[in-house]
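Model the full structure from these sequences, guided by the hints.
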Amino acid sequence: MGSQFSVDLEQLDQVVARLNGLAGFVRDHLDGLDDKVAGLSGFWESVAAQAYTEAHREWSTGAREFADGVAEMSDAARKAHERYTRAVDLNLRMWRGE
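So the sequence shown is numbered by the UniProt record's numbering: it starts at 1 and just counts up by one.
You can trust all of the hints, since none of them are fake.
Pairs of lysine to aspartate or glutamate, DMTMM-like flavour, derived with a Cα cap of 25 angstroms:
#1 K79 - E65
#2 K79 - D13
#3 K36 - E54
#4 K79 - D8
Distance windows between CB atoms, simulated:
#5 Q11 - L90: 14 to 24 angstroms
#6 G42 - E65: 21 to 31 angstroms
#7 E45 - L9: 50 to 60 angstroms
#8 Q4 - F66: 32 to 42 angstroms
#9 D13 - G69: 15 to 25 angstroms
#10 Q50 - G21: 33 to 43 angstroms
#11 E65 - K36: 16 to 26 angstroms
#12 D89 - T53: 48 to 58 angstroms
I should point out that these hints are in silico values taken from the structure, not numbers from a laboratory. Ideal placement from N, C-alpha and C gives every residue a C-beta, glycine not left out.
Next comes the structure, spelled out in structure tokens:
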């Protein structure tokens, strides 16, 4: 007996939307944080300031990589939705003899 496989396309739509929202949220907040950190450069000058700036740069790079990964997952989920939808349409047409 074969195994059954099903996809909830509405839920997949929700996943795409939520992942897009998360990626945008992270990017928007990172931009704001980067702006605030950049604004510190004229007011805070010391070895600690340099260390913080470098640590923030590394953290920000990692966080942006995370946001990019989330966006890629969203794109993959969107493409999967398109393919599943096409497969359903094709199967329906074949069953109808079209």
